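J.: Throw the hints in and build the complete structure from the sequences for me.
Spelled out from the first residue to the last, the chains are:
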Amino acid sequence: MKRRQVYDAWKQQRQQADCQPGFAEAVMNRIREHEREKHRTFCGVYELMEMISACPLAQAALIIAGVLAGLVRVAFVIGMFLRT
Amino acid sequence: MERYQKPVITFVRNVIDDSHVCEDIAQEVFLTAYKLLSSFDPDRSEFSTWLFTIARNKSLNALKKKRPLSMPRLPERTSSVNPSDVLSQKESFDELDRALRELPATQKTAFILAELEKLSHAEIAQIEGVRIGTVKSRISRAKSKLQSALKNLDGEIL
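Those protein sequences? They're chains A and B, same order as listed.
Everything in the first sequence is counted per the numbering used here, starting at 1 for the first residue and increasing by one.
Everything in the second sequence is counted per the numbering used here, starting at 1001 for the first residue and increasing by one.
Worth flagging that the hints you see were computed from the coordinates, not collected in a lab.
Small disclaimer: the values here were computed from a predicted structure and weren't measured.
Ideal placement from N, C-alpha and C gives every residue a C-beta, glycine not left out.
Errors might be hidden in some of the hints.
Quick list of simulated restraints, FRET-style, between CB atoms [unchecked claim]:
id: 1; chain 1: A; residue 1: 12; chain 2: B; residue 2: 1032; range: 25 to 33 angstroms
id: 2; chain 1: A; residue 1: 38; chain 2: B; residue 2: 1132; range: 37 to 45 angstroms
id: 3; chain 1: A; residue 1: 53; chain 2: B; residue 2: 1047; range: 18 to 26 angstroms
id: 4; chain 1: B; residue 1: 1131; chain 2: A; residue 2: 22; range: 38 to 46 angstroms
id: 5; chain 1: B; residue 1: 1037; chain 2: A; residue 2: 22; range: 35 to 43 angstroms
id: 6; chain 1: A; residue 1: 54; chain 2: B; residue 2: 1041; range: 27 to 35 angstroms
id: 7; chain 1: A; residue 1: 22; chain 2: B; residue 2: 1136; range: 22 to 30 angstroms
id: 8; chain 1: A; residue 1: 15; chain 2: B; residue 2: 1040; range: 21 to 29 angstroms
T.: Here you go:
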C-alpha cells in the first residue's frame, strides 16, 4: 500500500468519534448541578445578610470586626513605613 | 450542543489518547463554555473557535496531569483487501498512533485541528494564540514526523 493511502485511512479512522448516547444528558445534568450549587451559595449569602440585618448584636459585631480589620491594616502599613 | 459534541469529543480523544477520561474532559469543556458564555464575544471569534480553545486548554491540562495509560478504542475498519494487507495496515496505524502520541503538545493540537477537524490555519492560530506562520510550521513538522513513522511505505503525505 502507498503511504498516502495508509495515512488517509488512518486519518479517517481517527475522525470517527463514538459518542455515548447519554453524553448530552450528562452535560445537562452537570449544568443543572452547577446552577443548583450557585443558587445554594447565593441563598447562603442572602440568609446571612438577612440574619445580620434582623439582629442588632450581629450588626454591632460586624461593625466592630470591620473597625478592627481597618486598625490592623493601618498598623501594618505604619509598621512597613517604619521598617523602611 | 449536539452540533459540537462530536468534533469536541474527537478532538479531546485524539489529544489525550485516553478513552477513560476523554468523555469527562469533553463534558467539562461544555460546562466551562456554559459558565463562561457571558465572556464570549462573537465579534472576536466564531463560537466553534472559542469552544475549541476551551477544549484545547482542558485537553492540554489533562495531558500534563496524567500521562496516557491506554489507547482510545477506535472503531475497527472493515476492509475487502487480503489479510496480509490488513495486518500491514494495522501495523502502520499503530506506528502512526505512536508517532502522534509522541508529538510535542503544540504540534499535536495544531495537527489535529488542521488534519482531523479541518479548521483553517487562521482559526488554529486564534485557538493556539500564535501567528499563522507558526501554525503552518507546527503542522509541517508534525506531518514530517508522521511520515517518518511510515518509512517502509512509498510516497509522500505532505
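J.: None of the hints should be skipped; say for each whether it holds.
T.: Verification of the hints:
no. : hint                               : result
1   : A:12 to B:1032: 25 to 33 angstroms : 30 angstroms, holds
2   : A:38 to B:1132: 37 to 45 angstroms : 39 angstroms, holds
3   : A:53 to B:1047: 18 to 26 angstroms : 43 angstroms, violated
4   : B:1131 to A:22: 38 to 46 angstroms : 41 angstroms, holds
5   : B:1037 to A:22: 35 to 43 angstroms : 23 angstroms, violated
6   : A:54 to B:1041: 27 to 35 angstroms : 43 angstroms, violated
7   : A:22 to B:1136: 22 to 30 angstroms : 39 angstroms, violated
8   : A:15 to B:1040: 21 to 29 angstroms : 26 angstroms, holds
The structure is inconsistent with the numbered hints 3, 5, 6 and 7, although it conforms to all the rest.
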